Amino acid sequence: MNKTLLILKREYLTRVRKKSFIIMTFLGPLLMAGIMIVPVWLASLSDVTERRIAVLDETGWFAGKFESGDNLAFDYVYGDFEEEKQKVMLEQFDALLYIPRPELNIPVNAELFSKRQPAMSMRSYVRNVMKTEVENRKLLASGIDPEVIKSSKTSINIITIRLGEDGAESKSYTEVEVGLAIFSGILIYFFIFLFGSQVMRGVIEEKTSRIVEVIISSVKPFQLMMGKITGVALVGLTQFLLWVLLTAMLYSGFVLLFGPDKLGSSAEMMSPATGLLQDQQITESQLAGSNTGEIFEIIGSINFEVMIFSFLFYFVGGYLLYASLFAAIGSAVDNEADTQQFMLPVSAPLILGIVASNFVVNNPDGPVAFWLSIIPFTSPILMMVRIPFGVPLWELALSMTLLVAGFVFTTWLAAKIYRTGILMYGKKPSFKELLKWMRY
Amino acid sequence: MIFFEARNVSKKYANHLALDKVSIEVPENGIFGLLGPNGAGKTSLIRIINQITAPDGGELYIQGKPLGPAHISQIGYLPEERGLYKKMKVGEQAMYLAQLKGVDKKTARKRLMEEFEKFEIDSWWNRKVEELSKGMQQKIQFIVTIIHKPKLLIFDEPFSGFDPINVNLLKAEILQLQQKGATIIFSTHNMASVEELCEHIALINASKKILDGKVAEIKNSYRTHTYALELEGMQKNIHEILPAGIEILEEEKENKRLKLKIRTQATDDSNDLLKLILPQAHLLSFQEVFPSMNDIFIQCVQQENANNGTSGGLS
Numbered sequence: 001m002n003k004t005l006l007i008l009k010r011e012y013l014t015r016v017r018k019k020s021f022i023i024m025t026f027l028g029p030l031l032m033a034g035i036m037i038v039p040v041w042l043a044s045l046s047d048v049t050e051r052r053i054a055v056l057d058e059t060g061w062f063a064g065k066f067e068s069g070d071n072l073a074f075d076y077v078y079g080d081f082e083e084e085k086q087k088v089m090l091e092q093f094d095a096l097l098y099i100p101r102p103e104l105n106i107p108v109n110a111e112l113f114s115k116r117q118p119a120m121s122m123r124s125y126v127r128n129v130m131k132t133e134v135e136n137r138k139l140l141a142s143g144i145d146p147e148v149i150k151s152s153k154t155s156i157n158i159i160t161i162r163l164g165e166d167g168a169e170s171k172s173y174t175e176v177e178v179g180l181a182i183f184s185g186i187l188i189y190f191f192i193f194l195f196g197s198q199v200m201r202g203v204i205e206e207k208t209s210r211i212v213e214v215i216i217s218s219v220k221p222f223q224l225m226m227g228k229i230t231g232v233a234l235v236g237l238t239q240f241l242l243w244v245l246l247t248a249m250l251y252s253g254f255v256l257l258f259g260p261d262k263l264g265s266s267a268e269m270m271s272p273a274t275g276l277l278q279d280q281q282i283t284e285s286q287l288a289g290s291n292t293g294e295i296f297e298i299i300g301s302i303n304f305e306v307m308i309f310s311f312l313f314y315f316v317g318g319y320l321l322y323a324s325l326f327a328a329i330g331s332a333v334d335n336e337a338d339t340q341q342f343m344l345p346v347s348a349p350l351i352l353g354i355v356a357s358n359f360v361v362n363n364p365d366g367p368v369a370f371w372l373s374i375i376p377f378t379s380p381i382l383m384m385v386r387i388p389f390g391v392p393l394w395e396l397a398l399s400m401t402l403l404v405a406g407f408v409f410t411t412w413l414a415a416k417i418y419r420t421g422i423l424m425y426g427k428k429p430s431f432k433e434l435l436k437w438m439r440y
Numbered sequence: 441m442i443f444f445e446a447r448n449v450s451k452k453y454a455n456h457l458a459l460d461k462v463s464i465e466v467p468e469n470g471i472f473g474l475l476g477p478n479g480a481g482k483t484s485l486i487r488i489i490n491q492i493t494a495p496d497g498g499e500l501y502i503q504g505k506p507l508g509p510a511h512i513s514q515i516g517y518l519p520e521e522r523g524l525y526k527k528m529k530v531g532e533q534a535m536y537l538a539q540l541k542g543v544d545k546k547t548a549r550k551r552l553m554e555e556f557e558k559f560e561i562d563s564w565w566n567r568k569v570e571e572l573s574k575g576m577q578q579k580i581q582f583i584v585t586i587i588h589k590p591k592l593l594i595f596d597e598p599f600s601g602f603d604p605i606n607v608n609l610l611k612a613e614i615l616q617l618q619q620k621g622a623t624i625i626f627s628t629h630n631m632a633s634v635e636e637l638c639e640h641i642a643l644i645n646a647s648k649k650i651l652d653g654k655v656a657e658i659k660n661s662y663r664t665h666t667y668a669l670e671l672e673g674m675q676k677n678i679h680e681i682l683p684a685g686i687e688i689l690e691e692e693k694e695n696k697r698l699k700l701k702i703r704t705q706a707t708d709d710s711n712d713l714l715k716l717i718l719p720q721a722h723l724l725s726f727q728e729v730f731p732s733m734n735d736i737f738i739q740c741v742q743q744e745n746a747n748n749g750t751s752g753g754l755s
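Sequences listed follow chains V and L, in order.
Numbering of the first sequence is given in the numbering used here, commencing with residue 1 and proceeding in unit increments.
Numbering of the second sequence is given in the numbering used here, commencing with residue 441 and proceeding in unit increments.
With the rest of the complex left out, here is chain L (with noise of 0.2 Å):
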């Protein structure tokens, strides 16, 4: 089931064009990763998804139906360029911000104590948001962006910001959220969470979606077929047991253990592999090494970019 839909979405600035046609397809209760490098368009399409800006052509969808100002109070939006009334006190600000997204009073009161609470924050209601530290006024910020159960979450570079045990705390909420039913947007250059999080991903880079799909299948399609694998009592010369055809890229020994990376060609079967090592060494582990999202994104950022001739990737 697909929750939200953008098709041949196009934005375009006064001499820039900062999306072209650009199409994703964000399944129902999933974790979608916008990923890009900067100024390829995410955060102008972030900001069509919230209504913010207008696109100047193609169509948005939520749940089949064109999206339009009733979907404003069903979407969480946690901006990258963030913050918070400095002067003002926590609570107060965080019942401004939840009554603007249409919760009322009473309500927006008992979650927030519930949120507040939860996050071990309770006792900064009455203090102003200038005496905290950036990694309190984050919290604060996130708790304001889930306040008021929204159904699509965007979140643009949600832990930048964050140490690491409040990023973990961060995740787990995240991943809490999509248990609870919600869809959530991820857009972010830190690929390790991407793989972490995201089953979904859409690349979008010089303002043109260039790549999509489940995050595995992707990762399925750029498999380079190499292998590391580590062999104890080896005998004889790694080189003369394998056939040509293959590389090994790293050779690494310590003590009776080698440690290997090798690629092998595509048409190579791996047991067949198998069978020409096992007899002279003792197999400690075999598996197949994937390319990180992170490889993937550069290799598919620089083909794009030399086809295009533009550098860089920056408009």
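The following block holds chain V by itself, in its conformation from the complex (with noise of 0.2 Å):
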């Protein structure tokens, strides 16, 4: 048997047994189908205390203006303002919104009292129906009709239409596509940090263990280096596969429990935190809009097979362009905490493509864009963020083959510095030995 598949073998064995390797096998699917999930569940606990609320209006500016929904019930009372709060003291009332008569001839403050913390949307509510009132007021006191302006508020809907190169036309969804692009460079970037990690600690353990000798007198440093990182390779490649498995396996059983409706719903509520990087508003009224049909149109209009397979081959490819430099470094120390000098340049490019990725979203054609997703350090991450929005086959072509020229380039750098430092013991190298390392 070759030995580098030995190995690769047992670097493979070891760490797919191990319960870590198990739990987070399991806590993976978990988490995503939490996310999913709970807001449906939070949504269908529906609030159904009622407070009830004393309004004592000194203005009479609101009267008959707060009206009584599901959750809160408005009564106007005219009584004395301590006697009023007294009353909230004995709960008969939940709160008491007291509006008091303004010094200058506009009320604009007002007070909420009540026994406890007031939720967040009962002072949104009541300050909105102030808003609105005062607002009206002071519009009709310069002679314009409210309702002018009322009909002069416009919604506009923009659906972007993407041409295909034979001139086809797809409805392109861009929430959807940012939320997938941010979604997929951050796993690459952290499956590669995770699973290079494993490589580093894998090396310092056999170096403090001092089991390395014993080994490369059995095998070539660089086998031993290849069979670890392949081997690492390989569990990423099995924790990812799994995931998607048991979280299509859970997708469809909440599919299955819920129906589709909810799905929708939940997908609703997960939409403003995509929103974010955009301006939120327009994505939460473009969102309100949409139904759940739609949403499912989404998903369905994206090209998964283009996202499985560039994600698949830029995690392999930036893992392993990584992943060698990670060996070289636990090559060079004796223990975890001598790693961090040497991990700060290593890590810097990665951190790089997570902090670009918010700039190439709001322009994935630009030249940065372009050149991140380019250059082998970072076009792992970038890319990945911009293939939801679709790239020239030939940028992709350019990028994959960089990447590939890339890792051959590191892993033959990391080579170098791996075979000398693994029989170094005892003081930490600097940058300078490390290059004389490499001339050896």
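Just so you know, the hints here were simulated from the structure itself, not pulled from any lab data.
Hints may be right or wrong, so weigh each one.
[Stated by the list, open to error] Away from chain L, derived, C-beta distances all over 10 Å, residues of chain V:
{"no.": "1", "residue": "M32"}
{"no.": "2", "residue": "E50"}
{"no.": "3", "residue": "R52"}
{"no.": "4", "residue": "E103"}
{"no.": "5", "residue": "I106"}
{"no.": "6", "residue": "V108"}
{"no.": "7", "residue": "A110"}
{"no.": "8", "residue": "V129"}
{"no.": "9", "residue": "G143"}
{"no.": "10", "residue": "Y189"}
{"no.": "11", "residue": "Y251"}
{"no.": "12", "residue": "P349"}
[As the list claims (entries may be wrong)] Listed below are several chain L residues computed to face chain V (Cβ distance under 8 Å; list not exhaustive):
{"no.": "13", "residue": "Y517"}
{"no.": "14", "residue": "P519"}
{"no.": "15", "residue": "K526"}
{"no.": "16", "residue": "M528"}
{"no.": "17", "residue": "Q539"}
{"no.": "18", "residue": "L540"}
A quick note: this is a predicted structure, and the numbers were derived from the prediction, not measured.
Glycine is no exception: its CB is placed at the ideal position from the N, C-alpha and C atoms.
Hints in hand, dock the two standalone chains.
Written out as structure tokens, the structure reads:
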């Protein structure tokens, strides 16, 4: 049996049998499912407790303006302020809204008394009602009919339609794409760090347990390094595929349980998080208008084959690029605490990739996006961010080719540091010494 | 018959020379001691023999053929810096290391079972290495080193970490391996075990070989013509009997017995000396005292360092 294969097998088996791997495998999909299910579940627990609010309006401007709804019931009271406040203390009311006579002519202050912290929704409702009323009165005072203003308000809905090479039109949905882009970028980042540092820790383990010299008397250091890197890569892929599988199972189980309608509303609830990146209000108002069917249409419009293929390619490529560098760092030090100074230059491009992804989603075809998605050190993250928006084939091909060239280069470089580093004990090397090792 | 030969092997690290044209010849089926102070270059040479690092100059041969990748499976190496995967089970780990040396799965299992039984550790097969004591781990390490039945065995400080009982077990095991035909290179500071086991040695100091040859011959060439004798019923003062030129190094009286250690001139004949003594006392024992390897080692290294003007032999 090929010795590299033997090493690969050991690296793989010892890792997938670890408790932490098994826990992560089940926890990952549960977390993902949780993100989708919890909002729906919370929404189903509709707030049934009704709050009674006494309104003491000394201005008289808001008579009949506060309308009782599902959760809030307003009672207008006309008693003494202190007396009414006492009623709140006695829990005859949940809260007292006190609108004092203003010093100037316009009431802009109100006080809300309650024994418990009033809900955010209660406060914002009161504020909105008062704001609208005061604005309307101001408009009337200036001789403008508020109805005119109301009718002049317009909601613009832009439907983006992408023209394919053959002129075919397809609806595109930017919000979902932004979400997907950021999500896959972060996932790549997370995978590279998670499994790259596993390689590093594995190398340090071999070095500190002093088994490395026994092993490299049987195999070449390069074989040991590559066996470890590929073994851990397979662990990563296994984890990812298990996540996809388990998430799909949980998802379909959920659909059976609640029906697709609820899923639609959960997607709606998730969307504001996506919208944070853009103008939140627009996203919210647009999504409020979208229905369940449209969300499914959006998900259907994404080319998942391309997404999954590129994800796998950029995960493996990006991982290979960084894993050998992580292996080199591991070989240069005696314990994990000493890795800090070497980690910085290695993790900087990855962090840059995550930071830049926010700019790239806003301008996925700009020069920053182009260059960062071509340069191998950032391309695994940023090309994944760009792919949902559509990337010309030649750019994708160039980026992938350079990534392959990149990891061949870093592996070659790292192997030189690695083979010297694993036999060096005791002192923490400087960057200058690492350069020297490369020339041995 | 020479099994392994190194000819003018040099190794240079960034700013120091680890080996300076070192040549050694290891006879087949012998136990060869590679001696030297810390940092002299022993481990560098051993790593070169194991093809962990490449030499910058010189040639290496095993049975007359240039050392190459094919020889890896014929060499068993127990490094001074040794260890095992702590979280892995003993049996699984031994299987893995055996397979890395090119032993197939079935044979590896069979041989490991035999060895585990011999060392009485077969109950550890499914235990994790971290649960074992250091001495237990060393046994496993030793088994793994010999499991592929190598023709050349290299032990770097093999006895460190073993208690005296296990040291003896290990010595017996090493001698048995020699009987079965293995050639053994043995690097150590423990001079007592060198005298006990090695037939040939090479002494390396400050990257250079300064002494090599058969242990018996080396000792002979470093003889100081010192004798130890034990007498009973001595009538006269010993100082009056011995001729001038003979130095009394030690003198110890115990009841009627007299223990002496004397150094003679190289030209003196021990028979003449006895003729002087025998009429005066009853001779209980008479033995030439050879310098220990320890003394030779220290003497050689200090002399060499004095010549080079270096201190301590540390690189």
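For each hint, the structure was consulted:
1. M32: holds (30 Å)
2. E50: holds (59 Å)
3. R52: The assertion about R52/V holds, with a minimum of 63 Å to chain L.
4. E103: holds (75 Å)
5. I106: holds (74 Å)
6. V108: holds (68 Å)
7. A110: With a cut-off of 10 Å, A110/V remains clear of chain L, as the shortest Cβ separation is near 65 Å.
8. V129: Non-interface label stands for V129/V: nearest chain L Cβ at 65 Å, farther than 10 Å.
9. G143: holds (83 Å)
10. Y189: holds (28 Å)
11. Y251: Check passes; 35 Å lies beyond 10 Å.
12. P349: The claim holds: P349/V sits with its nearest Cβ about 29 Å from chain L, beyond 10 Å.
13. Y517: holds (4 Å)
14. P519: holds (4 Å)
15. K526: The hint holds - K526/L has a Cβ within 8 Å of chain V, the shortest such distance being about 6 Å.
16. M528: This interface hint holds because 6 Å falls under the 8 Å limit.
17. Q539: holds (5 Å)
18. L540: holds (4 Å)
Of the numbered hints stated above, none is contradicted by the structure.
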